[in-house]
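As you go down the protein sequences, you meet chains A and B in turn. Numbering follows this note's numbering, in which position 176 of the first sequence is assigned residue number 176; successive positions increment by one, without gaps. Numbering follows this note's numbering, in which position 327 of the second sequence is assigned residue number 327; successive positions increment by one, without gaps.
The set of hints was computed from the structure by calculation and includes no laboratory data. Quick caveat, the model's predicted, so the values are computed rather than measured. Don't be surprised by glycine CBs; every beta carbon is placed ideally from N, CA and C. Please note that a few of the clues may not be correct.
FRET-style restraints, in silico, Cβ to Cβ [said to hold, decoys possible]:
hint, chain 1, residue 1, chain 2, residue 2, range
1, B, 186, A, 127, 33 to 41 Å
2, A, 55, B, 314, 22 to 30 Å
3, B, 9, A, 41, 23 to 31 Å
4, A, 85, B, 123, 41 to 49 Å
5, A, 85, B, 25, 51 to 59 Å
6, B, 17, A, 180, 51 to 59 Å
7, B, 186, A, 141, 50 to 58 Å
8, B, 12, A, 82, 54 to 62 Å
9, B, 17, A, 48, 47 to 55 Å
Here is how the chains run, residue by residue.
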Amino acid sequence: MEEKKKAKPAKKPQLWGVMAEFETPQELIAAAEKVRLDGYKKFDAYTPFPVHGLDDAMGIRRTILPWLVLGAGITGCLTAIGLQWFTNTYDYPFLISGKPMFSLPANIPVAFELTVLFSASTAFFGMLALNLLPEWSFPAFKSERFRRASSDRFFIIIMARDARFNEKETTEFFELMDPLSIERIED
Amino acid sequence: MAHHEIDIKKENLHLGDLSGKIMTAGGVIAAIGILAMIVLSLITGGEKWAGVLGFAWLLNSTFIISIALGGLLFVFLQHLTRSGWSATVRRLAELTAITLPILGLVLLPVLFFMGSIYEWTHEREEISHYIGIKAAYLTTPFFILRAIIYVAVWSVLARFFYKTSLKQDQTEDWRLTLKMERVSPLATILWALTASFFAFDFIMSLDYHWFSTIFGVYFFAGSFMGFMAFLALVIIFLKKNGRASNVITTEHTHDVGKLLYTFIVFWAYIAFSQYMLIWYANVPEETSWYLRRQTEGWTIYGVILIFGHFLIPFFGLMSRWVKRNDKALAFWAGWMLVMHWIDLYWLIMPELGIGATSGLAFISICGAVGFSALFVTILAHVAKKPSLVALRDPRFQESLAFHNI
């Protein structure tokens, strides 16, 4: 029994990425562009507010979310009409105020509601899923400096899992941009 | 960021000599179109010539008034919501709305032909027998008085917002914006009341048996949609002719396209809300209005509206790139203006009682061309001198920097 009580050795911290801190959105955009042009793929920028032009500088492609929402909307509409047809016309035919058993005008309110419901939930949960959220912990939160990402500083982190990543070279690459600070982030 | 570096001084912000060209061409087309409408009504109308001419006049004057009314409401709404994005395009709405005092005069022949247009002007016994309370409301003097009130309210409001905005061009006084913001809630309420009752009086009372409380909202939905389509066309036309082409950016046309799209959907929502309740309740005095529009060849217009006014543009204008592409947006804006006209045609013409003849359609189309040209001519006249953008609006810089994410 004694050997089982032995504490598990703590996981050795591994290098997760290198972070550079910038003072202004303009510097951040210029830096993001350099990072992209240098061939890095796995990097991200962190800002206290939306920065116009950052998406282009980082080379972020447009999201596929609108197509998912369109698909969900059509699915919702067809589900509603199918459900109403099945319940009221096929499975349990029930005559209401002399209207036809199956008639589009009567079915449109429900079709509209389900279209909106399916689309809205897909937009919300799809957005979370595409952003890989919720994320319970994030390595950069260990950094004191990174806290200012939600008030007045702008950050870029190049992740260690990027194919081009090399701690020494990436750090030197950042140094050329003259950031306020460079910090290695461990997970 | 590139869009911050627009050199306003180099921008051409005035219609200038373009105004004269538009007015010449517009004036000629307007004269031909309206003359054709009048002559054809006289020749082909037979005994009912006054009715045909009156209805065609009513339809087409309502068409251009509804667009100007949409512009008036657009101005109120920008102040009501303190919108930053719209500061570069608001002047175009102010200019559209300031045509309303003149457009009010276009309504005069409708009052002149009232006896041939509105059955309630002579079927007095019938009206008091069936619907007593309406007899007090639908009388010729009261109708004319209300028409004067509507046009007066629109004119005063349009002038106030236009003049105040022009004053700001000169004085750069930001307090004028606050002044307009304070008036805008009351202006919006007055707009809602006058536009609704205008629709009740001029369109709904054509069938004085019928009533629909949502009818005013229906007219509002179509009018605002019509104005957004018109605004998109105006912006694209101006940019093509080198006016304000860097000030009004793709971001602004994108937003105009979004509002156009919104009101296509809103119109459908309201149109269906009106239809469904009447269809479900199936009360003869209410369904008769739809029955007339589903017989005598009118059915096709209803089908055109369902597809052309809603389903086709719903998918056609849905995508982001369509709204950001000038040619694509211009196509759908033109399409929607035609649909707005067909919507009014479908509301008004079946009440004439001569069926959906192609002659009637042709006379109305001649009128539509003529009245649209007249409207553009008036607009080019009022837009000749003033700046096409409210350059001294305190939110102008915010609007220039505006960016859709």
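Assessment of proposed distance window 51 to 59 Å (beta carbons of residue 17/B, residue 180/A): Holds, since residue 17/B and residue 180/A (Cβ atoms, about 55 Å apart) stay within the stated range.
Verdict for residue 85/A, residue 123/B (Cβ pair) under range 41 to 49 Å: holds (46 Å)
Whether the CB-CB distance between residue 186/B and residue 127/A falls inside 33 to 41 Å: holds (40 Å)
Residue 85/A versus residue 25/B beta-carbon gap, inside 51 to 59 Å or not: holds (55 Å)
Range hint compliance [Cβ, residue 186/B to residue 141/A, 50 to 58 Å]: holds (51 Å)
Residue 17/B paired with residue 48/A, Cβ distance criterion 47 to 55 Å: The hint (47 to 55 Å, Cβ to Cβ) holds, given that residue 17/B and residue 48/A are roughly 49 Å apart.
Satisfaction of the hinted span 54 to 62 Å by the C-beta atoms belonging to residue 12/B and residue 82/A: For residue 12/B and residue 82/A the Cβ distance comes to about 57 Å; the hint holds.
Consistency of beta-carbon spacing, residue 314/B to residue 55/A, with hint 22 to 30 Å: Because 28 Å falls inside the window, the suggested range holds.
Pairwise beta carbon distance, residue 9/B to residue 41/A, judged against the given window 23 to 31 Å: Violated, at about 44 Å.
Taken one by one, the earlier hints fail for this structure only at number 3.
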